[in-house]
Amino acid sequence: MDSGTVLTRAGTPLRMRNSMKQVFTRPESLKDVQTHFCPGCHHGSIHRLVAEAMDEFDIRSKTIGVASVGCSVFLYGYFDIDVIEAPHGRAPAVATGAKRSRDDRIVFTYQGDGDLAAIGTSEIIHAANRGEDITVIFVNNTTYGMTGGQMAPTTMVGQKTSTSPYGRNQAKDGYPIRMAELLAQLEGVAFSARVAVNSPKNVMQAKKMIKTAFRYQVEGRGFSFIEALAACPTNWGMKPLAANERVGSEMIPYFPLGVYRNTANL
Amino acid sequence: MDSGTVLTRAGTPLRMRNSMKQVFTRPESLKDVQTHFCPGCHHGSIHRLVAEAMDEFDIRSKTIGVASVGCSVFLYGYFDIDVIEAPHGRAPAVATGAKRSRDDRIVFTYQGDGDLAAIGTSEIIHAANRGEDITVIFVNNTTYGMTGGQMAPTTMVGQKTSTSPYGRNQAKDGYPIRMAELLAQLEGVAFSARVAVNSPKNVMQAKKMIKTAFRYQVEGRGFSFIEALAACPTNWGMKPLAANERVGSEMIPYFPLGVYRNTANL
Amino acid sequence: MSEKLFVKGNEAVAMAAIEAGCRYYFGYPITPQSDIPEYLSRELPPLGGEFIQAESEIGAINMLLGASATGVRAMTSSSGPGISLKQEGISYMAGSELPGVIVDIMRAGPGLGGIDASQADYFQATRGGGHGGYRIIVLAPASVQEMYDLTMLAFDLSDIYRIPAMVLADSVIGQMKESLTAHPRPQTVLPAKDWAVRGREAGEPQNVVKSLYLGDGEMEAFHWKMHARYQELAEKESRWEEVQTEDATLVVTAFGSTARIAKTAISMAREAGMKVGLLRPITLFPFPKQAYEAISGNCKNFLTIELSTGQMVEDVRLSVARDAEVSFYGRPPGAGSLPTPEELFEQIKKRYLNS
Amino acid sequence: MSEKLFVKGNEAVAMAAIEAGCRYYFGYPITPQSDIPEYLSRELPPLGGEFIQAESEIGAINMLLGASATGVRAMTSSSGPGISLKQEGISYMAGSELPGVIVDIMRAGPGLGGIDASQADYFQATRGGGHGGYRIIVLAPASVQEMYDLTMLAFDLSDIYRIPAMVLADSVIGQMKESLTAHPRPQTVLPAKDWAVRGREAGEPQNVVKSLYLGDGEMEAFHWKMHARYQELAEKESRWEEVQTEDATLVVTAFGSTARIAKTAISMAREAGMKVGLLRPITLFPFPKQAYEAISGNCKNFLTIELSTGQMVEDVRLSVARDAEVSFYGRPPGAGSLPTPEELFEQIKKRYLNS
Amino acid sequence: MRHDVFIAGYGGQGVLLAGNLLSYAAIHENKNVSFFPAYGVEKRGGAAMCTVVFADGDTGSPVVGSPSVAIVLNQLSFDKYAAKVKPGGICIVNSTLVEADGSQLPGVELVAVPMNEIALELGDMRMVNMVACGAYAAKSGSLALESLEDALKKALPERNHRLIPANIKAIRAGAAAAMQRNT
Amino acid sequence: MRHDVFIAGYGGQGVLLAGNLLSYAAIHENKNVSFFPAYGVEKRGGAAMCTVVFADGDTGSPVVGSPSVAIVLNQLSFDKYAAKVKPGGICIVNSTLVEADGSQLPGVELVAVPMNEIALELGDMRMVNMVACGAYAAKSGSLALESLEDALKKALPERNHRLIPANIKAIRAGAAAAMQRNT
Amino acid sequence: MSYTRITIDEARCKGCGLCTIACPQKLVTLSDTPNSHGFTVALFSDSGKCTGCALCAEMCPDVAIMVFKEK
Amino acid sequence: MSYTRITIDEARCKGCGLCTIACPQKLVTLSDTPNSHGFTVALFSDSGKCTGCALCAEMCPDVAIMVFKEK
Ligand SMILES: Cc1ncc(C[n+]2csc(CCOP(=O)(O)OP(=O)(O)O)c2C)c(N)n1
Ligand SMILES: Cc1ncc(C[n+]2csc(CCOP(=O)(O)OP(=O)(O)O)c2C)c(N)n1
Ligand code: SF4
Ligand code: SF4
Ligand code: SF4
Ligand code: SF4
Ligand code: SF4
Ligand code: SF4
Ligand SMILES: [Mg+2]
Ligand SMILES: [Mg+2]
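So the sequence lines, in the order shown, correspond to chains A, B, C, D, E, F, G and H.
Per my numbering, the very first residue in the first sequence carries number 1; after that it's consecutive.
Per my numbering, the very first residue in the second sequence carries number 267; after that it's consecutive.
Per my numbering, the very first residue in the third sequence carries number 533; after that it's consecutive.
Per my numbering, the very first residue in the fourth sequence carries number 888; after that it's consecutive.
Per my numbering, the very first residue in the fifth sequence carries number 1243; after that it's consecutive.
Per my numbering, the very first residue in the sixth sequence carries number 1426; after that it's consecutive.
Per my numbering, the very first residue in the seventh sequence carries number 1609; after that it's consecutive.
Per my numbering, the very first residue in the eighth sequence carries number 1680; after that it's consecutive.
These are computed hints drawn from the structure, not numbers from a lab.
Since the structure is predicted, the reported quantities are computational estimates derived from the model, not experimental observations.
Keep in mind that a hint or two might mislead.
Stated by the list, open to error - Which residues of chain B face chain G? A few of them, derived with a C-beta cut under 10 Å, are:
1) 292
2) 312
3) 441
4) 451
5) 515
6) 519
For glycine and all other residues, C-beta sits at the position ideal for the given N, C-alpha and C.
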């Protein structure tokens, strides 16, 4: 092969010249399957980074994932780990039950913004406040992806969704809620950070943060929280590139990236 | 009468010399009845201050009180106003429904720490975040009074309760949650303050703050929140004076009094 | 003839609510009912109403409680898991004698289940899924037109009897589009809401909306009062549809979409010369016992069809004459599990031969 | 003879849970069951177990879901409003085939109601108060000893059948103290929990605890599978107590504290020469239909007594022979509404004369 | 034999402890026992009452409509409950606080014991309930005084065991007073 | 008369719009109509299908087990659903994407219309569904072409009304193709 | 300074004693013996020193204290 | 610099284009015509300029890109 695209079929990557070494590989904890996510959906990127963190600490075989209800409900289809599917919003409570009964396991939840910041507010606040030794991956895409793009607590002011047809109105609907900052107020939280995956630089930073969050748990340091800003091209009614662009132009200014609490400075 | 105690019977105060003027009176919004509260329970003091605020703004006839489940469930027995009894923790949602459907009325909730900071976490956070134009009186007595003194989210570290027989253990139960500060993080909150009624000075300050909170609503300025520290002598297993003392010696140091958010500086 | 609209069942619910004077909606998204909040988020604000997307179904039912308590018409809607979460609030509304309309567009369960059509929330709706022993009014539309008509009726009955009313439809009825003749709300005479909490104006009594009863015998008296009211409901408000039951030797009974499928199956049976009829309950609570009693005087063979392993069939058994036989055919909810008319015709043939 | 303890019904539940190997408790305070969390908050930590006072009943049921999913024995308890809030979680557990024990010490409702004894959560418990059409095992103790015995049984049945199990008692049984012979857990052979989620060790299959079923026919297959399991339960695990039914011409039927009160009333009747017996269901789901079928072969007169306006009476009607009469006497819950033996004796006399 | 006793007073008079004591005494005599306390929404104040049923066999109903024996510690309880005592039964009243007239209760034996006075004489007002239990045991004959005395060890928390001798005295004084006044 | 038609394809082929168009056409002809869409958990991708039933009287079952007419826009749908067509019924296939052989469907009339090609000829691939509707109306005879054309105003959102003339062309082309190939 | 005094409603007073720590003049004390409800109610000693500051009344959770002043 | 290249799995690529903005060398573009799933998949132009920085792969939400380097 001299030039052009190298095509492969799922699961059977074309063999490279023997002299070549693969420098970017699929993480082992991520199953080698096609996802159901829409083109340009950042759930895929975030899934990969979580899988990389599991690989990094070699914890795949002792990790329990807690799936939430939302576009990420098929967690068990993509991660090669044991999974419990929690009712909508209740993943932190389910994770609490799992972790307390198996305290030598690594337990993480993966939740959307409808799930965590709306219906599941009580559960996340109290799991965080108790300082449960779990890791929470919170994917904020400013909308209810799975159910067709309704307004979420994180929907931006003015953003039109299927239940805010005139745009989110801060006078009636309030301002978008900043979970990473809010949880950082709680004594039980060991680590809280906000990341994005809209540029290679942000991806690299997100990778670092997600690994740190898992490291907290591996080292038994308490509750760790990652808010990942994400694009939902489908429900934003945007092409993938435009949606990716919006994360940087609209979301990050309101939801600044950074570490909001870091008790051990890992 | 020359000296000694002047006794009166409920509702029929002994007439003073004609030349005397009553300088401390029972607020009109407070019914002239005996309460069911235990001796030294601060619910009584807080009830009076709320009634005074209603008198001050002459809003008794247009106020809707939303009672919660806890020792303050008999709100309708003590306040001379229309009352809705909300399910445990849901008073802010009930108040939202009431206020949105009758936006010319004054709507307040009166909730305990079990009610507001445990089961009702979602409802308070989202009513606050939406900036509902209601007033919330939050009575923090570090325990579930009505049900017999179980641990609350505000129970102090080390405090023994009927469900923390070895004392609250921050490693398992987390640290007591500071609601006034937490809610102050939310954009929708117009006013958030913490008060106590354990000394005449604090009572006077509490009175001012509670009036300010109601004024916010009277002037349509949005969500106002008062956290009132309170003694529960019965469930603390203390004499009233000792319990009153504890508010100052143990609670205030951890739950500092003050204004945590004041958007209009009233 | 007024122009016929062509709308989704869920939209018909929302349109009827507006026509019935409901200006307050509180809900939380869930498939397959999200068309209702979506429609109302668009239509209520221009009418001066309020649409709130609550933080949860629990938030929504309690906002409904608060709004209803002030005397306005208000509603919520959800499906499966969301309706389960509303049970405490529904129990409180029932205990506080509050009207209010709750729409359940049923989906497959238990748990997360799936979003396919289901009728397995029948027990939850008719037996009081919440605690304490209460009943709510349950209406089961079988067409888009009925989604409209029964939603309006739900508001009226709920106001008259001071009992929460539920519109219980499966997702076939919610998602399908049919011709709809929208009509204004009937001029029912409604009792004054003098119990409503609106602020105690001078001279007015204090109004308290509550469900706490502590005095000796108070709670029991409440139960017997409601029991009598339920009986009044059963006598006055039971509604059902009968199709060709007069000469039937087999009566099929089903509600909602199942009744629609059965109707076509019954036509097939009639074409094949079988005397088969349909009895479709429109009110599930009150259950139209009187219709079953009357029909089972002549016809001794009943076939109940449900999208579940059998729930309404218990009410049928409890309602028919003692010597009547009640058989059951169920297709529990889930993808690919809707029965076809042909399939039901087979079932009818089987039972008919046995009759 | 082992020393007799003298303990509250609620405490017996907690003691039995510990003896049954339950080390994880998740709950939220509510009268009249708070003795259970209070006892366990004291006793579990020294045993290396975990007691969590959850942020709410919803938190608690979902912690139970999480713990049960990892294969340990765990439980929660509550009353009325709290049990309503758990309905979504219970439905998820049922849909995920998870074991787990839920204790409901019933109090008066609907709504906030009161804390007096009630049996009005019967429908909620036995019909699935949650969505989607599922059943849970429901055990109804009538003494402190049975609070102990049936709590243990609940853990075993729940593990064997992979169905959540509820101990359903009224507050009389929960609050009263009686002699208790504590005994070790029976050495039942339990199936391995190879479905449990504990981390996927090399070579093990991936375990997923879920209730989402999307493939064609998957959800329906789940329903029929569970239906078959419920039938197996009914055949193998139905439990009841019969007192002097052999020659009875009137059989009183009641569960929990009502059965206790009825027992004394029946002694009075027997003393007065009336042939009256008692049939007390111990399992409410599965309902001991076989006992009713058998007895109603001879005795045609049944009197159902409940602390409600009538719920279990429907199961009795659905279970007895067609020619048997079933009458009902109810005292709905609330302060001052517990019937006395004398009162029930009057009711027995009335029905007996009619028989 | 099946025995039942109903005890009523106001919060603070030790009604529940009395019920517990009788229960443990009955257990000591190898009976089956059901003790049913009434409980209120409010933590404090108000009435306190309980029922104790004990029998060789099944205790049957923990709820008793017409008790064979009632122990009534204050006027309110007397007014509310005395009339419920079964014909042929006994009503033991704390005559220090209760004005009771036997003619109000036809067919019921009224046993008046000045319990507060006796307790006060013995030096501790809080022993009213012990006096009552002694009176019950003696008058009803359904429990031996020794059983009561033995039961104290179980009914009282460890830290109060030093009070046992005083309580025994109160029990005996109650028994004596009950027998004396009515023979 | 009661008519039913089942339409299936993949997401993006305009299956639901086709169903709506037929529904409005039937309403225009004063029929009662039931349109039942299938819907999936996932927002995107996958199959799309719907059923339209229309009748002078009651539409009866919105669910149709054996449709009298099926319109099949892609191979997957053909493989899955074609066999369900009622004996004596019609199966209209998009022959551009579907390899269909009439012998697979005994008793069913197979109408092959190269819908993609026709649409592409008319300049817009997205009009495949219009071609299909025209074919259906012509072939089944249950709806007049004029009704379809009238229905476009209702089925299309206001902003797309400028496309109506092009759509009418596609409908007519579909009708012509269906009739031509099978007479 | 004009004559000032307070009244304490015995039917309301629960004897918690909060008023006793509030009075700068130490004019309020608790009775030694319980009343019929078992409460040791508050007593006012009208020594003429009462300033009418109403701090006692402000502290009373049961609104049992009223304050009067010579006009 | 050793030879470096990437592979793009067409069965996984959804044509979102995020890789195209990630490559500093602009070596990845989207195809003009949709594939059988309707996706305009990404194409790599192996002009020898690939540095193996893997930024394209890091950006791909569908993990469709693998990067290889000469040893
Ligand atoms: C109790 C309950 N309410 C509502 C739903 C419906 N529902 C499913 S997913 C979802 C929200 C999804 O949004 P989000 O959590 O932001 O996840 P995303 O799909 O955007 O990743 C909702 C409301 C449900 N399954 N259960
Ligand atoms: C859903 C539900 N769960 C639990 C209860 C029981 N309950 C009643 S009051 C209360 C807590 C009271 O504590 P708090 O809110 O702090 O008020 P306080 O009595 O201390 O003023 C609880 C748990 C209930 N009524 N409803
Ligand atoms: S709907 Fe949005 S969140 Fe869901 S898969 Fe598609 S792009 Fe991602
Ligand atoms: S229990 Fe506590 S909070 Fe309740 S009335 Fe008594 S002192 Fe007040
Ligand atoms: S008014 Fe002031 S001075 Fe007078 S008694 Fe009260 S606190 Fe003391
Ligand atoms: S503060 Fe009030 S209730 Fe307390 S002792 Fe003084 S007067 Fe009595
Ligand atoms: S590895 Fe770097 S240079 Fe090579 S194609 Fe990817 S982004 Fe471009
Ligand atoms: S980022 Fe991945 S899925 Fe998107 S176009 Fe590039 S290779 Fe394809
Ligand atoms: Mg989202
Ligand atoms: Mg409290």
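List, from low to high, the hint numbers that the structure doesn't satisfy.
-> Violated hints (numbers, rising): 3, 4, 5, 6; every other hint is consistent with the structure.
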